[in-house]
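Take the two lone chains and join them into the complex the hints point to.
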Amino acid sequence: MSEQTSVIHDIGYQRYSGPRLGRGYAVRSLYEHSLRTAFGVGRGMKSKIFPWGVVGVASLITVIIAAVSSTAGQRVISYVNLVDQMSVLIIIFLAVAAPELISRDLRAKVLPLYFARPVGRFDYVGAKFAALVASTWMAVGLPLVIVFAAVAFDADTVGDAWKEFTLLLGGLAYVLVLVLINAAVAMLVAACTGRRAFAAGGIVGVYLVTLPVSVVLSEIGTGAAQNLSGLPSPTMTGAGLRYWVTGDGPIDIGGFGWLYLLVSLVLVAGSIAVTHARYRRVDS
Amino acid sequence: MTLIETTALTKRYPAGVVALSDLTLAVQPGIVALVGANGAGKSTFIKIILGLLPATSGTVRVLGLDPAAEPDRVRSRVGYMPEHDCLPPEQSAAELVTHLARISGLPRTAARERASETLRHVGLYEERYRQIGGYSTGMKQRVKLAQAMVHDPDLLLLDEPTNGLDPAGRDAMLDLIHRIGTEFGISIVVCSHLLGEIERICTSLIAIDGGKLLRADTVAAMTTDRDVLLVEVDEGADTLVAALAERGVAARRDGHTVLVPAGADESTYDVILDAVVAAGLPLHRLDRQRRRLSELFTNNQAPEIKGSVLHV
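Protein chains in written order, with UniProt numbering: chain A, 1 to 284; chain B, 1 to 312.
The shape of chain B in the complex, shown without the other chains (with noise of 0.2 Å):
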């Protein structure tokens, strides 16, 4: 089934600022990372998602439901994580967590049951006896992951869920939510600013600049064909890449190192040993070289994609 699904869909805030413009997507379950800066509409397009704003024109929907027409629906289906801090700070963790559970739906003993269970499973044990307003910045991130997923939606929504973390808290709150995404069995749709952290953990990514749709697409196809062997000689750098050259190979010298474009396949390798033992050069190192997400952007090697699906 298809995650979320959108033709078109424009928000336009009464002020005259445009928040969204013409977005058409669809997203396949898994992890998926929505990214952009700051003001790129990321924000606005959530709040469509769960059905507190109306949309402008266009149609959305979300695990097959239409949140302006179903809203209550759609909401007992799907978790938010807030980008702010919006912890009452003079209630337990435990009773929070209880409490939201209860807001969306489960009864009594199940919503205590479920919020020790999600507390346990981001790592809070019997700290969720303690005031909140007692927590560090990491365990209150923590505390708003737990009342997200505590009713065992099937979309889990996360507003930049690292902020403020330090980097051993940002790889903590990664790696959860990558368990999360993967063993849990929860599809999530993971909103950040910083791409460099989130590719790390998703398996497609849609790009939002300026309310617009800069590309959305699987990981693996954004990186795999734009991949780059690198090769590294002791000496007679330029040999090789005439000896390449010779076999078809498009290579560029880049220093100390040869670059080669990876093939589809595996016979890229085979090519340049080949090459190497003819010439009896001295290999020091061949390496894969994972191409990184934000390399496609600034670039600028995104495709046109203007009144096109993608799928993802």
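Same shape as in the complex, but just chain A (with noise of 0.2 Å):
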């Protein structure tokens, strides 16, 4: 018969004496989880049904786009013009993304928790619109690497490569300014509700009302006006950005780019700004 050796030891409390990183460790530390929790990561399978399935989305479209490309022997679209047709992904997913970052935790009333730690409501905000940004760029952004990888490997010299390279840098740049603009506003809708659902209607509504009114005004306009018609809309200002750098894209804007930068900043900045106010008045 064998003698029981083990033993469970209780071994009480003990006292923590390791390290105590910072403020900066502690937005970090938020800005990770909040990037997982945008992908569902680390959460059911529920969670994970609608930012992948954007993702497959974007991802499958992009694939036959690669396939024709690669049979064409040349790319059949450019990155930036792939960016303005799929910028209703960039909505689709900031309405699953936001609500699940910023909506969930004024549900759960979860705030007082952050705010009792070292993580000051601009932390917060902060934290949660650099995860948003993020999540979304990456997730849009997979679509433009796959056509860049189908053609590249395709690609006869180094040098043919090199400029494929620079011209998916500069699609991926112009996904992160749409993406950039974009998420302020839905960062702002998704704080003004705790529902979910809600925000995502929310979200989806500012983009279904403000690209019409865009559209309208730049088909009777003429002249300035028409170069003006972009900034209603959220979307078609970062198209104007486009046009400003590129010369090229769905909206003429004149000589307007400045006033599309501008208007561009401000919407970031006074998202941020009334989120943050916004927090302000949440309980603690």
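Among the hints, erroneous ones may be present.
[Claimed, not checked] Label pairs and their calculated CB-CB ranges:
| hint | chain 1 | residue 1 | chain 2 | residue 2 | range |
| --- | --- | --- | --- | --- | --- |
| 1 | A | R15 | B | Y125 | 19 to 29 Å |
| 2 | A | G18 | B | Y129 | 19 to 29 Å |
| 3 | B | T109 | A | L265 | 33 to 43 Å |
| 4 | A | W258 | B | T109 | 47 to 57 Å |
It is worth saying that the hints were derived from the structure and are not from the lab. The beta carbon of each residue, even a glycine, is placed where N, CA and C say it ideally should be.
Here you go:
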């Protein structure tokens, strides 16, 4: 008969004497956690369906484009034009991620737990915004990388591949601009309600209302009115910036590039400021 | 070291509501009960301690630090358990507490280890990997407590920790708090509107009402000198009262029993026994009756303390 040798030791409570990292680490941790949350990592299957669904759809479209490009021996659509075609995917991903990152915390009243720690309201808003931008950028940027991979491996010379790579960077930069502007608006909408369905509806609603306004103004307007028609819509404001830089795009903004830049900056900074102000009212 | 020290602390909200008025106190380490009715100013007091609200006037020092000037340093040494539900239902307790440990500044590995350990200390084992949404109220309260102490604070602020619990759950939570305060070496401020409940576990007590300090003292000081000895004789209660009066002890009769104020030392017992023996009375019971703290307040025996510093 074997003797029982294992013993459970109750070592009691241990004080923690290890390092305590500062506020920067706390904010970074919140950012990482939010980034995981956006893709449903560390959560149930239900949380993964929507974000990965968007990534899947985007990838499927681009795999087809990549296949066609590969067969044709050249890219059938430029990266920036592809981004314009996928702008609705940016909105859909934001409508999934922003309520998950922001409305959910409001609903569960988690904020007092954060604000009782070395994380301020501005840190919280900043980390959430950064995670929202990064996750959307990754989700929508991935298809561009797929197209690049297909085309670059087909390139005849290293020079061609390098040229392709710079074009890819341009496309990714354009995605980032569109994501920054739309994410700021999405965050503001999501911070207004604790109900995720309302937040998602609001984010899509803003897109669906502002885009037609912009399109109609562009159709009926002439001259300067037409050049300024992109400003009511966050997405078209971003498209205007593309025109300013590349001289091409879905909207002709004439010489108003600086105004589009100003509106973009005001939109981003304003949304962050209003969201921050909103959290001052949240009971902690 | 003094745990919390305030001088003339006043908080006036913009709407004109005075939440705290001229609060001056000094709290020594231990388990401190902060009692007062709803709206007495307890939550405001906690928010000022955490540096979430600026005081209108007066000063406050927590663990020797000014929470308004150094909120980060104060918050990394203080743990806070909010009164209301504050847990995301779709996360597991292990993941949430690990995450919050990192927000408190613990490196990744340490955060994970301390989260498991702390959840074990509050009595959550395998359940910690389940989503919080499926937890009972008692388990949720334990998770809230665990997240407050996962970073090993020097001071725990517990806001109504027994809220929503059944009697058994209340007892378990109070025992746990008592253990944290005595065995773990963490000082605790427990807010409650139920005095009878926390007087069992606290070492000192602060009572506030309408933002004003009602009383602040150690529990021992509040109860001992007010204890009563209860003497029960089968017959001749009046004889006993008279016999005690002869020996210089002011007793009074209450039905079958005779109530005698307990002195500072044990000599009163001897006097009573002498009187009983001398009169040849059949003694049925001799008992020390602890006064409940709540009686001290209902009887309006709280001394006038305005403007003076009370060391708890």
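Consistency of the hints with the structure:
no., hint, result
1, R15/A <-> Y125/B: 19 to 29 Å, "22 Å, holds"
2, G18/A <-> Y129/B: 19 to 29 Å, "24 Å, holds"
3, T109/B <-> L265/A: 33 to 43 Å, "41 Å, holds"
4, W258/A <-> T109/B: 47 to 57 Å, "50 Å, holds"
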